[in-house]
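Engineer: So the chains spell out like this:
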Amino acid sequence: MSRILNHPIFGKINDRKQVSFQFDGKTYEAYENETIAAALLANDVRKLRVHEDSGTPRGFYCNIGHCMECRVTVNGQSNTRACLTVVQQDMVVESGKLLPNIIRRMVEEQ
Amino acid sequence: MTNFENMVICRCEEVTYGQLLSTAAEHKCTARELKLRTRAGMGFCGGRTCRVSVDKIIESVSPDITPGDIPLKYQPPVRPVTFGTVGEKK
Amino acid sequence: MSDVIIIGAGPAGLAGAIACAENGLRVTVVDEFIKPGGRLLGQLHQEPSGDWWNGIKEAERLHQNAMNLSVDIRCGVSVYNLEKCSQNWNVHTSIGTLTAPFVLIATGAAEYPVPVPGWTLPGVMSIGAAQVMTNVHRVQVGKKGIIIGANILAFAILNELQLAGINVERIVLPEKNPNSQKAGEPEEVLKSLLHASHLAPSPLLRFGSKFMKKDWIRKMGINFYPKNGIKINGTPLQLRKAALEVIGKDQVEGVRIADTDANGKVIPGTEKIYEADFVCIAGGLYPLAELAAVTGCPFHYVPELGGHVPSHSETMETPLDGLFVAGNITGIESGKIAMAQGITAGLSIAKHAGKGKNNINNKLQQAVQNIRTVRQNAAIQFNPDIDRGRSKMKQIWEDQHNNNNQTQEKIG
Numbered sequence: 018m019s020r021i022l023n024h025p026i027f028g029k030i031n032d033r034k035q036v037s038f039q040f041d042g043k044t045y046e047a048y049e050n051e052t053i054a055a056a057l058l059a060n061d062v063r064k065l066r067v068h069e070d071s072g073t074p075r076g077f078y079c080n081i082g083h084c085m086e087c088r089v090t091v092n093g094q095s096n097t098r099a100c101l102t103v104v105q106q107d108m109v110v111e112s113g114k115l116l117p118n119i120i121r122r123m124v125e126e127q
Numbered sequence: 020m021t022n023f024e025n026m027v028i029c030r031c032e033e034v035t036y037g038q039l040l041s042t043a044a045e046h047k048c049t050a051r052e053l054k055l056r057t058r059a060g061m062g063f064c065g066g067r068t069c070r071v072s073v074d075k076i077i078e079s080v081s082p083d084i085t086p087g088d089i090p091l092k093y094q095p096p097v098r099p100v101t102f103g104t105v106g107e108k109k
Numbered sequence: 110m111s112d113v114i115i116i117g118a119g120p121a122g123l124a125g126a127i128a129c130a131e132n133g134l135r136v137t138v139v140d141e142f143i144k145p146g147g148r149l150l151g152q153l154h155q156e157p158s159g160d161w162w163n164g165i166k167e168a169e170r171l172h173q174n175a176m177n178l179s180v181d182i183r184c185g186v187s188v189y190n191l192e193k194c195s196q197n198w199n200v201h202t203s204i205g206t207l208t209a210p211f212v213l214i215a216t217g218a219a220e221y222p223v224p225v226p227g228w229t230l231p232g233v234m235s236i237g238a239a240q241v242m243t244n245v246h247r248v249q250v251g252k253k254g255i256i257i258g259a260n261i262l263a264f265a266i267l268n269e270l271q272l273a274g275i276n277v278e279r280i281v282l283p284e285k286n287p288n289s290q291k292a293g294e295p296e297e298v299l300k301s302l303l304h305a306s307h308l309a310p311s312p313l314l315r316f317g318s319k320f321m322k323k324d325w326i327r328k329m330g331i332n333f334y335p336k337n338g339i340k341i342n343g344t345p346l347q348l349r350k351a352a353l354e355v356i357g358k359d360q361v362e363g364v365r366i367a368d369t370d371a372n373g374k375v376i377p378g379t380e381k382i383y384e385a386d387f388v389c390i391a392g393g394l395y396p397l398a399e400l401a402a403v404t405g406c407p408f409h410y411v412p413e414l415g416g417h418v419p420s421h422s423e424t425m426e427t428p429l430d431g432l433f434v435a436g437n438i439t440g441i442e443s444g445k446i447a448m449a450q451g452i453t454a455g456l457s458i459a460k461h462a463g464k465g466k467n468n469i470n471n472k473l474q475q476a477v478q479n480i481r482t483v484r485q486n487a488a489i490q491f492n493p494d495i496d497r498g499r500s501k502m503k504q505i506w507e508d509q510h511n512n513n514n515q516t517q518e519k520i521g
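Residue numbers (the working numbering), protein chains in the order written: chain Y, 18 to 127; chain L, 20 to 109; chain W, 110 to 521.
These aren't lab readings, by the way, just hints derived from the structure by calculation. Note that the Cβ used here is the ideal one computed from N, Cα and C, for glycine as well. Certain hints may be false.
What the hints assert, rightly or not - Some chain W residues close to chain Y (C-beta under 8 Å, calculated; not the full set):
1. E220
2. V248
3. V250
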């Protein structure tokens, strides 16, 4: 999705510094002070993780830190909210992945 | 046809409307028991998104509950924190 | 150490911080978001005067005032617990425990969820999420959107999305079920919208109220409501259509929608899939009071205020010593009310702390009066029965103080 650079009331935004970061191994451009969720959406990335058990795709839902749906791994720190974390140059972001469900596997193998 | 039964109420634990309704009807649960039986509201967000919906289901199946009560207790931590943060040392 | 810790850097929290600091108290404000301002940051609407209410500017002004008074503002900090320990409150945060004799909880509101089948797909978001993405982060939420849920908040944010050039194709209702309740009943929704526009002819609703004030709509009622809706600034409001399911594989691709009767019952054979790449769910707001709840503060259910609210006086005290509340945690109202309440809470804290000399009582009474004045002149009214809700709370508080055998509802 594109950024709203021109707004009839808020005016223009320009002169913002660009930073680059990685999401699942791919490099993306963001602007300084942009959250991970905003920067990824601006790059057309909506899917931030899959449900750890069922694998269903998830993106940000509330965008203000309540719902925890946008949690990603940031520089090795898991369960970080993409909607409240500002992108830094060379940040390494990983999407939330499917986790092994040992108990389910045991039940299935029986 | 609608997809009600399979509609997810608790997003974190993927508990559906159908599961909640049948559990509530079968066990005539309190909100707390419904939560413990289904895991609704016990996922990562701590029920921040689904609490209101779970409360409504309880109201719809238990006639004794008035909307004035807060059926589910709030407990700390109200935000997810790491063990490191909780176990801070000064 | 601070004298006061304020949780939430929105209009109530910042105004409270300023009032405290002006009276010589040392104040720390914490907020989870990346910058101060709270929900002010998203707000943008035209006043009856024609001037724009630009929440970002208001937030900057409050922030600057607070900074000038040496208020310590810390963003990106989450509070996960709050407890009283002898004379002090311990505020447990992601950066450690902060301690002070006074705490002001100004955590604002959260959105009522309206679960819809398929709502976990990326691209489905709460309407507030779209507001923040558009006005704060300045990123388009999509090319073609559908709003599910028709209420004041939805209209306000629809207007903001339109201003930013985002295409919202239609507003429909959630399918009627025990969870969506009245929000899924066209007749009830129309009634509440007419009620709102009647009592508060707000400029926020100008596009909406234009149609709501048309007498013929009033008279014909929902039975003859046009099937394709009535346009609100270009976006059709389709009260006789319900969203059955959001569809898509890895993200939103469309919404399955059907026509309904006046009660919200789906008319068989009318289902159709409408393409969309984003969906906003608008369920309205409720007071976000979890931190007050963990302290053991008593709560009351006041539907006119948006749900369960912590017991509080007109001067923003709670029954717990040193604990104050302000803003939407006390009831859903506009940012201007939140500011007026924040000032009141700040003065109230100053009074309890023995600051402000002998004119503090006067100031406090003026501040309480000012809340009423702001309410009377409000352009936005989320709940048309707000006055009744506020009187209820006032009565409950007074009864409790006159009678210790009160029947108060404790959580848990």
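Engineer: Does V250 (chain W) pass the interface hint, meaning its C-beta sits closer than 8 Å to a C-beta of chain Y?
Structural biologist: Given a least distance of 7 Å, the restraint on V250 (chain W) holds.
Engineer: For the restraint on V248 (chain W), tell me whether the closest CB of chain Y is nearer than 8 Å.
Structural biologist: Holds - the Cβ of V248 (chain W) comes within 8 Å of chain Y, reaching about 5 Å at its closest.
Engineer: Should the hint that E220 (chain W) touches chain Y count as held when the rule is a Cβ pair under 8 Å?
Structural biologist: With a minimum Cβ separation of about 7 Å from chain Y (threshold 8 Å), the hint on E220 (chain W) holds.
Checked against the numbered hints above, the structure violates none of them.
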